[in-house]
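Engineer: With chain A held as given, fit chain B onto it using these hints.
Note that the protein sequences, when read in sequence, are chains A and B.
Numbering-wise (full-length UniProt numbering), the first sequence opens with residue 1 and increments by one.
Numbering-wise (full-length UniProt numbering), the second sequence opens with residue 1 and increments by one.
One or more of the hints may lead you astray.
Over the 12 angstroms line for every Cβ pair with chain B, so calculated as not near, a few chain A residues [said to hold, decoys possible]:
(1) 35
(2) 157
(3) 251
(4) 295
(5) 299
Result set (BS3-like, lysine-lysine): computed pairs, CA atoms no more than 30 angstroms apart in a straight line [to be verified]:
(6) A:198 with A:362
(7) A:400 with B:121
(8) A:317 with A:131
(9) A:198 with A:298
(10) B:121 with B:38
(11) A:198 with B:121
(12) A:317 with B:121
(13) A:131 with A:190
(14) A:362 with A:298
(15) A:163 with A:249
(16) B:68 with A:198
(17) B:226 with B:210
(18) B:255 with B:210
(19) A:38 with A:190
(20) A:198 with B:180
(21) B:310 with B:180
(22) B:310 with B:68
(23) A:398 with A:317
(24) B:226 with A:190
(25) A:398 with B:121
(26) B:310 with A:198
If you're looking for bench data, these hints aren't it; they were derived computationally from the structure.
Only a predicted model underlies this, so the values are computations on that prediction, with no experimental measurement involved.
Even glycine gets a Cβ: it sits at the ideal position worked out from N, Cα and C.
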Amino acid sequence: MTTLLTNARLIDPEAGTETRGWLAYDGGTILATGAEGKTPAPRVDQTFDCDGLCLAPGIVDMGVKVCEPGERHKESFRSAGLAAAAGGVTTIVTRPDTNPSIDTPETLEFVTRRAREVTPVRMHSMAALTKGRRGEEMTEIGFLQDAGAVAFTDCDHVLTNTKVFSRALTYARSLNALVIAHPQEPGLSKGACISAGKFATLRGLPSVSPMAERMGLDRDIALVEMTGAKYHADQITTARALPALERAKANGLDITAGISIHHLTLNVLDVADYRTFFKLTPPLRDETDRLAVIEAVKSGLIDIICSMHTPQDEESKRLPFEEAASGAVGLETLLPAALRLYHAGHLDLPQLFRAMSLNPAKRLGLPGGRLSAGAPADLVVFDPDAPFVMDRFRLNSKSKNTPFDGARLEGRIRATLVGGDFVYGAL
Amino acid sequence: MSFAHTHLLGIEQLNPFDITALLDLAESYVELNRKSVKHSEALRGLTQINMFFENSTRTQASFELAGKRLGADVMNMSMQASSIKKGETLIDTAMTLNAMHPDLLVVRHPHSGAVDLLAQKVNCAVLNAGDGKHEHPTQALLDALTIRRAKGRLQRLNIAICGDIAHSRVARSNILLLGKMENRIRLIGPPTLLPSAFAEFGVEVYQDMKEGLQDVDVVMMLRLQKERMDGGFIPSEREYYHRYGLDAEKLAVAKPDAIVMHPGPMNRGVEIDGEIADDINRSVIQEQVEMGVAVRMAAMDLLARNLRAKRETGVMA
Chain A
1 MTTLLTNARL IDPEAGTETR GWLAYDGGTI LATGAEGKTP APRVDQTFDC DGLCLAPGIV
61 DMGVKVCEPG ERHKESFRSA GLAAAAGGVT TIVTRPDTNP SIDTPETLEF VTRRAREVTP
121 VRMHSMAALT KGRRGEEMTE IGFLQDAGAV AFTDCDHVLT NTKVFSRALT YARSLNALVI
181 AHPQEPGLSK GACISAGKFA TLRGLPSVSP MAERMGLDRD IALVEMTGAK YHADQITTAR
241 ALPALERAKA NGLDITAGIS IHHLTLNVLD VADYRTFFKL TPPLRDETDR LAVIEAVKSG
301 LIDIICSMHT PQDEESKRLP FEEAASGAVG LETLLPAALR LYHAGHLDLP QLFRAMSLNP
361 AKRLGLPGGR LSAGAPADLV VFDPDAPFVM DRFRLNSKSK NTPFDGARLE GRIRATLVGG
421 DFVYGAL
Chain B
1 MSFAHTHLLG IEQLNPFDIT ALLDLAESYV ELNRKSVKHS EALRGLTQIN MFFENSTRTQ
61 ASFELAGKRL GADVMNMSMQ ASSIKKGETL IDTAMTLNAM HPDLLVVRHP HSGAVDLLAQ
121 KVNCAVLNAG DGKHEHPTQA LLDALTIRRA KGRLQRLNIA ICGDIAHSRV ARSNILLLGK
181 MENRIRLIGP PTLLPSAFAE FGVEVYQDMK EGLQDVDVVM MLRLQKERMD GGFIPSEREY
241 YHRYGLDAEK LAVAKPDAIV MHPGPMNRGV EIDGEIADDI NRSVIQEQVE MGVAVRMAAM
301 DLLARNLRAK RETGVMA
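With the rest of the complex left out, here is chain A (with noise of 0.2 angstroms):
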């Protein structure tokens, strides 16, 4: 059956551009996109008016936890997948931090199994890369690439022991595996739970200098430069880190770089009277780190934007900062927290999608993530301007550690479809 979107403003990151058009699709596939009053739009039996509304390729989010296996009570499959479908998220990439870790083929098919079951996205998932995340063996990175896995990650745990890391990045490379790390040296950063600086000292907590990053990042960079790895940094949000990231790409070696949208959105004052839905891995930075990082994702130095989505519960937050989990959920607010970005001048629409949609569908070796003939009908229609106050006990998560709790924000999700179905809203 084929469908038309019209009257839509459709959001190109691929063409970089925003257009007044149609778009239609066969079953789940793009047929085409027109301009309005250029290319008229083909016969099809049925139609949708957006009515101005945004049509952007859906989110593909890479990084994102559900706590299946270990603590479902913090989030599930079913769960996540109802809170990417309300984000305008079509595709989950979930990470193995899991407990136990995803790092064999088999709990990689149970995942995958429950995830088709139950969510009504799309879900990949990236394994570890050494067994139990303990940076000691690798794992069967082969299998697990035929099982689905589309990339390989120790998530923040710092993979300390170079040449057990030197080794995975060769074997992976043979593999053409895509290699993703937390960059920072681990050293300075234990049992730090803030960024340094005057709010830190004040705050009396334990700090860890944003140089830790660079550190990290550095030291990876020259084992990408000697293995010859495909490598992506999972979150990188200091001005000190760009400089070495420019380099090495200048330099031609296969590095793409992440970053969380509350590193782009918030700073470490947020924190305020040691408020733990803002305790974050990597913390949270100042504002010049904050305006330098978007500034990079804006060139495309930073490739790409995801929730880094890390459900908490209420007992694991209800504490004194130092004691309190790290992270936050991310996936109902990556779009409207984004837009921010959009309303303040700093990014076009275009730009932001080519960050959340285009690239890690390019990275990933996906085929979503643009509008143009042939990729999956995967597509978000939002109204950009909508404003509205965020009320964490509406999210669809198990856990509503946000950060964005009470912030008014611009920006709502009128519909989310996944090959072509309505998996949230209507037109």
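Structural biologist: For chain B alone, coordinates are given in the frame of chain A:
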């Protein structure tokens, strides 16, 4: 007298008028404490619970005595021994205590911000007796009272704070309080114990003792917090004593009438020479202990007035 606070969580929330009001009231308790009958009824009928999640002898004794002299029913709970070991969270502990209807809760905790967190969950007055590396407000207030009595004023003084500033909540509270009262503050210590971020607090930073102590009115020494160190902040105790320990030679560059303070307990021969600590012409260390009781009486008295007013009328005094 104005002191519009429900809790005493830190110096950060106080303004100069609050500080002066509290110190003025504390003066009257100094008088009381020197009489042979040391008793007031200010806290009669109220229950004070001292919850110490971290070892303390002096502060706990001082708070206990302060409460008893004001007629409160005082209970001490040593928390490191009890429920923490059984896995109870801080909030659970707070809720349990709250159900016993305390009026004043005195809390010390090894983590910064823990006392703030607890204060959000109980409906009584909370006094911070030290939280992690964050604040120790009653210590800063007793230091201020000691200085004011010794120097006749609490403004326009040159005050040096020396030693392990990085790990010290006493230093943070003192920097805030003495800054609010418009004094010139100098911080002196090895760079490993005095992070560069402190320079942003409107203070002067010195790495050399003799340079930093030049013409100061007050020398505040800090305890070298050995138990807090991950190791490797200083090469050795003897090198530390040689470079940063307060001895007669270093003290000689300060003003001739400069006073020497220490929050205790002292490491003699590490941060301070024993003879200086005992020199009755220079050292006010014993006086600090005395002022501690008076300041804590004043703090609890003020908070109790607000608590009673709030319970009776719904608005703060």
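Engineer: Each hint needs a verdict: does it hold in this structure or not?
Structural biologist: Status of each hint after checking the structure:
no., hint, verdict
1, 35, "54 angstroms, holds"
2, 157, "21 angstroms, holds"
3, 251, "33 angstroms, holds"
4, 295, "25 angstroms, holds"
5, 299, "30 angstroms, holds"
6, A:198 with A:362, "40 angstroms, violated"
7, A:400 with B:121, "19 angstroms, holds"
8, A:317 with A:131, "28 angstroms, holds"
9, A:198 with A:298, "29 angstroms, holds"
10, B:121 with B:38, "34 angstroms, violated"
11, A:198 with B:121, "28 angstroms, holds"
12, A:317 with B:121, "14 angstroms, holds"
13, A:131 with A:190, "22 angstroms, holds"
14, A:362 with A:298, "18 angstroms, holds"
15, A:163 with A:249, "24 angstroms, holds"
16, B:68 with A:198, "39 angstroms, violated"
17, B:226 with B:210, "24 angstroms, holds"
18, B:255 with B:210, "12 angstroms, holds"
19, A:38 with A:190, "59 angstroms, violated"
20, A:198 with B:180, "17 angstroms, holds"
21, B:310 with B:180, "28 angstroms, holds"
22, B:310 with B:68, "23 angstroms, holds"
23, A:398 with A:317, "14 angstroms, holds"
24, B:226 with A:190, "19 angstroms, holds"
25, A:398 with B:121, "24 angstroms, holds"
26, B:310 with A:198, "36 angstroms, violated"
Comparing the model with each earlier hint shows violations of hints 6, 10, 16, 19, 26; every other hint is respected.
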